[in-house]
Amino acid sequence: EAGVAQSPRYKIIEKRQSVAFWCNPISGHATLYWYQQILGQGPKLLIQFQNNGVVDDSQLPKDRFSAERLKGVDSTLKIQPAKLEDSAVYLCASSTFRRSGRSGANVLTFGAGSRLTVL
Amino acid sequence: SQQGEEDPQALSIQEGENATMNCSYKTSINNLQWYRQNSGRGLVHLILIRSNEREKHSGRLRVTLDTSKKSSSLLITASRAADTASYFCATVGETSGSRLTFGEGTQLTVNP
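Protein chains in written order, with this note's numbering: chain R, 1 to 119; chain F, 1 to 112.
If you are wondering where the hints come from, they were derived from the structure by calculation, not from laboratory data.
Treat each hint with caution, since some may be false.
[Said to hold, decoys possible] Below are the BS3-like pairs computed for lysine-lysine, each with C-alpha atoms no more than 27 Å apart in a straight line:
hint, chain 1, residue 1, chain 2, residue 2
1, R, Lys-78, R, Lys-15
2, R, Lys-44, R, Lys-62
3, R, Lys-83, R, Lys-11
4, R, Lys-44, F, Lys-26
5, F, Lys-70, F, Lys-56
6, R, Lys-44, F, Lys-69
7, R, Lys-83, R, Lys-15
8, F, Lys-70, R, Lys-11
9, R, Lys-71, R, Lys-11
Treat the numbers as computed from the prediction; the structure is a model and nothing was measured.
The shape of chain F in the complex, shown without the other chains (with noise of 0.2 Å):
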């Protein structure tokens, strides 16, 4: 089974609105990732935050990292209609060796 579950599994939101997207995950990681695939795409790595650390910025994005909840969140700030995608998360576990394991995904839309 995947590793990470993120929620929720679709969001439509207005251009200029932030957009949370969190994840949820099992077992004790190495660090976390997220990537956006637009349609009919490959995946585009985002950020990575590692288990030793909370939160990380870049640009519009901030992601936070929860190890005692075993959760992450992916925090788009001021969003534009080209931040419409989906988003996953992924993690690498402790005991996993150097496997990036996947979630199912949130799809968001940002209307114009």
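For reference, chain R alone in the conformation it holds in the complex (with noise of 0.2 Å):
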């Protein structure tokens, strides 16, 4: 099966100026996550999906980054304006998890990522 893509792979502005990334995860599932990982640090949950539906939004800096999932497949994450503490990799994941379901596990299948860097 086709895994999550992500586009563009690298991408450089300065700051103030607005990058989209975009996500098509594996086909069927229902559930989408984007993560920001600094260098050298561990993934942090940004916005997670269920469908076209905002599950978990807690983490997203909604002053400057927006997310949408129009029909529930995929997504893009955008950023405006950057700063300069932006700069780190956009990781997209998708799962089969639902959250109305009582059986499976979270279980993620990552995208090789977009990384971001701001001058």
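Two chains, two frames, some hints: make the complex.
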């Protein structure tokens, strides 16, 4: 099966500019996640969708970050305006997990990530 | 703050040796997972252990879980140069819904 696709792989922008990342999850995966991974740290959850609804966005800096998953398939994460501290790898992941289900565990399949450098 | 904390931060061993990485967490969990990340790549799921399990095996991997101490360990036996990567534990808390929270990782280097 095809994996989680992300683009672009690399992006360099100036501070205060905007950037958008795209993710196409594994076909049939209901749940999609965006994580931020700063160099040398573990991934931090930004937002979690189930189908096209937001499940958890408590750690998303909503003044500058936004994300959508309009048709319950692919997703876009936007940063506007970017700050120096946003330099990181943005990882998209998907899983078959559904909150309404009692079975199954939340095992994630990750894409290769989009590396953002803000100058 | 992150739920899991790995120890050590970095580990360097020779090929053929065993590697042990530890993870401690703070709150009660539903399950704990280990992921591997090769340089410049995404994370790959290795193994999951549920809160009612104490030990699981998968190939050269052995994971233990001690819920009384809120800790887990990952053992890689007969390590290979290809095992060089960062290893992360991740927890699903009992009250955090389905959120998977990652630790800071252990950087493992296996020297040929």
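Hints numbered earlier in the text: which of these fail when held up against the supplied structure?
8
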